[in-house]
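K.L.:
Spelled out from the first residue to the last, the chains are:
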Amino acid sequence: MTALVALFRRELALTWGRGGGPLLAVGFFVAAALMFPLAIGAAPQRLQAVAGGVTWVALALASLLSLEPLFERDFDTGALEILSLGPLSLEVIAAAKCAAQWLATGAPLALAAPVVAVSLGATVATGALVGLAATIGGIAFAFLGGTGAALALAGRRGGVLIALIVLPLLTPPVIFGGAAIANFAAGLPWAGGMILLSAYALATVALTPFAMAGACRNALS
Amino acid sequence: MTALVALFRRELALTWGRGGGPLLAVGFFVAAALMFPLAIGAAPQRLQAVAGGVTWVALALASLLSLEPLFERDFDTGALEILSLGPLSLEVIAAAKCAAQWLATGAPLALAAPVVAVSLGATVATGALVGLAATIGGIAFAFLGGTGAALALAGRRGGVLIALIVLPLLTPPVIFGGAAIANFAAGLPWAGGMILLSAYALATVALTPFAMAGACRNALS
Amino acid sequence: MMISTLANPHKFMAFSRWATPVLGILGAALIGGGLWLGLAAPPDYQQGETVRIMFVHVPAAWVSMLAYACLGGASFVSLVFRHALADAAAKAVAPIGATFTGMALVTGSLWGRPMWGAWWVWGDARLVSVLVLLLLFLGYMALRASIDDEAKAARAAEILALAGLINLPVVKFSVNWWNTLHQGESIMRTGGPTLAPVYLTPLLLVGAGYSLSFGALWLMRTRGEVWRRRAASLTLQAALT
Amino acid sequence: MMISTLANPHKFMAFSRWATPVLGILGAALIGGGLWLGLAAPPDYQQGETVRIMFVHVPAAWVSMLAYACLGGASFVSLVFRHALADAAAKAVAPIGATFTGMALVTGSLWGRPMWGAWWVWGDARLVSVLVLLLLFLGYMALRASIDDEAKAARAAEILALAGLINLPVVKFSVNWWNTLHQGESIMRTGGPTLAPVYLTPLLLVGAGYSLSFGALWLMRTRGEVWRRRAASLTLQAALT
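Chains as they are written, first to last, in the working numbering: chain R, 1 to 221; chain F, 1 to 221; chain Y, 1 to 241; chain L, 1 to 241.
It cannot be assumed that every hint is accurate.
[As the list claims (entries may be wrong)] No farther apart than 20 Å at their CA atoms in a straight line, the calculated lysine to aspartate or glutamate pairs in the EDC-like style are these:
#1 Y:Lys-172 - R:Glu-81
#2 Y:Lys-172 - R:Asp-76
#3 L:Lys-172 - F:Glu-81
#4 L:Lys-11 - L:Asp-149
#5 L:Lys-152 - F:Asp-76
#6 Y:Lys-152 - Y:Glu-225
#7 L:Lys-152 - L:Glu-225
#8 L:Lys-152 - F:Glu-91
#9 Y:Lys-152 - R:Asp-76
#10 Y:Lys-11 - Y:Glu-225
Hints listed in this document are in silico derivations from the structure and should not be mistaken for laboratory results.
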């Protein structure tokens with residue numbers, strides 16, 4: 001247990017403190033979201049209709065792309081090999097890494113998401129729901145994205161490869177979260193999407209550590 | 001001159017042939033564009049209003065993120081150092097690299113762009129203009145993105161860092177291209193945006209090679 | 001029994017040598033017969049002549065699902081039993097599946113144009129599912145292409161294929177659910193068991209023909225992969241001795 | 001002369017030692033006086049009490065531009081003359097600039113809420129320009145933070161700052177142009193030379209005060225950076241001998 005706590009704190013410190021930390025992910029998120037009004041035009045009614053959805057997609061992309069160094073950093077320094085020889089199984093290590101990533105990057109993104117959504121024209125209540133969806137969906141993004149990052153370890157093609165292999169898998173959470181946000185904004189029942197999103201996030205937490213551990217073993221072999 | 005031709009062919013072969021080539025960029029582009037209807041909802045009138053803009057932003061992101069290995073690959077293998085000792089100046093080398101990137105990745109993206117725009121609900125004529133804007137804007141994306149990739153060389157934080165430092169610089173081309181597309185779709189005069197986009201693309205070709213060469217020298221030092 | 005026999009590469013090569021052309025010829029005959037019947041069928045009272053595109057579209061969508069199931073199955077066998085032939089089969093099936101998926105998308109778009117007045121309608125859950133399937137195939141191929149070490153590429157791609165296979169029912173469910181949310185936005189269902197026999201017969205014939213052709217293509221590409229690997233290991237042996 | 005004197009680190013440290021508090025106190029006094037005048041001014045006939053937010057918003061936007069100009073200038077000096085102090089100054093100014101930019105955005109948003117009925121209006125070209133400026137600052141800081149080797153980080157960040165400086169007028173032009181395209185979408189221009197003197201005087205006073213405070217903060221942070229580097233080189237020397 002102490003080993004797990006120590007590992008979690010190490011991961012948190014690495015993700016939070018090194019090389020800009022959450023600044024990169026949040027900056028990319030804001031910059032990507034800014035591009036939409038610039039490309040679409042400033043007409044409020046047009047932006048308002050897509051505010052929640054655009055925020056949600058930009059959030060998924062920012063979460064995915066900031067995952068690139070999650071395993072790569074430790075793989076390059078040999079720390080991953082050392083960790084794999086320690087008392088914790090690779091499944092637990094991978095889960096701890098994703099959880100730390102969620103806390104260090106997902107949480108700041110979830111805080112930034114309502115601001116971005118409201119600036120694009122969503123109501124404050126919708127913005128709050130976007131924040132909630134970002135918090136829950138961030139778990140799915142972190143664990144599925146972590147799987148992509150672990151699989152791409154041996155490939156060295158960086159973030160685009162991770163995004164390409166993970167985005168199709170992200171279809172369900174993007175739909176569930178997007179539907180909850182869109183329905184809430186339209187005054188329709190939205191709890192269904194949120195429950196499905198939560199269920200999906202829990203399923204990724206339960207299943208993806210095995211895939212990540214397998215991918216790490218493969219890269220280390 | 002023969003050195004330049006040889007270099008250009010080498011870059012083209014590397015960008016086109018290795019590790020999936022343009023498949024990665026086009027796949028990411030399609031996957032990112034797919035996320036929007038899933039998050040926003042399938043209502044045709046809502047999608048149609050933002051089809052051109054969403055395609056344009058997804059295109060800019062796909063161009064930027066696929067630039068990650070442009071200098072990194074050669075830097076890691078030491079080829080960049082060898083090239084810098086050769087007959088060509090680093091400015092020319094950087095420009096050749098970006099031009100090859102444009103041909104090997106920008107052109108397939110420009111071919112895919114009209115398909116994506118039309119599938120999102122743009123008219124076929126608007127789709128054709130999106131393709132034209134993608135071809136011209138691709139130059140600006142490749143050269144400015146190349147600058148970001150060269151600057152990020154020493155940083156090793158990958159695609160998100162490149163995207164974060166380049167996206168604010170991309171504001172003008174995103175606006176010019178987006179305005180041309182939106183105005184064309186609305187039946188307004190659109191040539192102005194296209195001319196400004198072309199002028200901006202030419203300016204990046206003229207100026208960014210110096211920045212890229214400086215960044216490469218810095219990383220190599 | 002069949003599987004354990006085929007698991008032996010020599011027996012597989014002997015079997016596939018005659019099975020490939022037989023499946024190919026049978027498949028082509030079924031497709032030809034089915035299309036002939038389909039072209040002879042009367043135009044639909046609603047869809048007119050356009051209904052005929054269905055005979056190439058729907059079977060392609062079926063086979064694309066079948067191909068992903070085969071990819072997932074072969075990957076599972078390769079992952080659990082560490083069988084080289086299964087990996088060769090998984091590698092071989094991905095581009096075929098992507099091609100059938102692309103065909104389903106293009107023909108679906110051609111069919112949608114006169115029916116919906118648009119090349120693509122997001123309200124059609126099946127088309128959207130097929131598009132996600134194409135991206136799953138592309139991701140598999142991209143991951144495989146980006147890893148130079150063949151053994152590592154195989155293992156990573158297997159894990160991805162299995163993750164995709166587990167995810168696929170959830171994708172189908174979520175796209176359908178998403179679609180019902182936006183009900184009433186021009187959803188046009190492709191036929192089903194209620195289809196008139198005059199359309200159902202050619203559809204099933206072409207579907208069977210596509211499946212057999214898919215089998216033939218798969219065997220052919222797997223054979224090619226086995227040959228390629230043998231040649232590579234022979235070159236390596238020659239270089240070492 | 002001033003610049004060449006300040007280029008000497010020892011003279012800079014001697015100068016900044018007394019200049020920092022002087023600038024800081026003067027700036028605080030000017031801000032205090034300007035805000036006092038601003039609060040005493042009558043409410044605007046159109047904007048009501050909200051007009052007072054302008055006294056903190058507009059100067060912050062001015063200083064954010066000033067800060068980026070300083071960043072670009074210091075980077076240019078550092079790049080061309082390879083001057084370590086200029087690099088320290090560039091590194092020091094970025095977070096200050098980002099803070100002023102963030103302040104301009106937050107106050108602009110607070111000001112826009114009662115005026116436009118929305119927290120943010122894309123139709124306001126100035127706000128959008130300031131947002132791009134914030135991203136330029138963030139990109140500079142992120143690039144600098146992500147490179148471990150200090151000399152390389154300095155050089156790369158300088159090139160980026162210069163590229164941003166060259167690009168900034170084009171950004172301003174493009175955002176203005178974009179804005180005129182979407183004319184008539186609730187554009188509310190902040191004052192200008194036509195502003196009544198009762199508002200202009202406090203605005204200019206606060207602007208001058210912000211600029212002086214910015215100077216004080218900049219000197220302070222540059223001093224800190226110089227101290228940090230001295231300490232690092234002393235540690236290195238001690239370790240080597």
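K.L.:
Given the hinted pair Lys-11 of chain Y and Glu-225 of chain Y, is their alpha-carbon gap at most 20 Å?
P.N.:
Holds, at roughly 15 Å.
K.L.:
Starting from Lys-152 of chain L, check that the Cα of Glu-225 of chain L is at most 20 Å away, please.
P.N.:
It holds: about 17 Å lies between the C-alpha atoms, which stays within 20 Å.
K.L.:
Take the C-alpha atoms of Lys-172 of chain Y and Glu-81 of chain R, compute the straight-line distance between them, and say whether it is at most 20 Å.
P.N.:
Violated, at about 38 Å.
K.L.:
Are the Cα positions of Lys-152 of chain L and Glu-91 of chain F separated by 20 Å at most?
P.N.:
holds, 19 Å
K.L.:
If you draw a straight line from the CA of Lys-172 of chain L to the CA of Glu-81 of chain F, is it 20 Å or shorter?
P.N.:
Not OK: Lys-172 of chain L and Glu-81 of chain F at ~38 Å, beyond 20 Å, violated.
K.L.:
For the pair supplied as a hint, Lys-172 of chain Y and Asp-76 of chain R, confirm whether the alpha-carbon distance does not exceed 20 Å.
P.N.:
violated, 38 Å
K.L.:
Between Lys-152 of chain Y and Glu-225 of chain Y, is the straight-line Cα distance small enough, at 20 Å or below?
P.N.:
holds, 17 Å
K.L.:
Please verify whether Lys-11 of chain L and Asp-149 of chain L have alpha carbons no more than 20 Å apart.
P.N.:
violated, 28 Å
K.L.:
Has the given pair, Lys-152 of chain Y with Asp-76 of chain R, been kept, meaning a C-alpha gap of at most 20 Å?
P.N.:
Holds, at roughly 17 Å.
K.L.:
For the pair supplied as a hint, Lys-152 of chain L and Asp-76 of chain F, is the alpha-carbon distance within the 20 Å limit?
P.N.:
Cα-Cα ~17 Å, so holds.
Hint check: violations occur at hints 1, 2, 3, 4; the rest are consistent with the structure.
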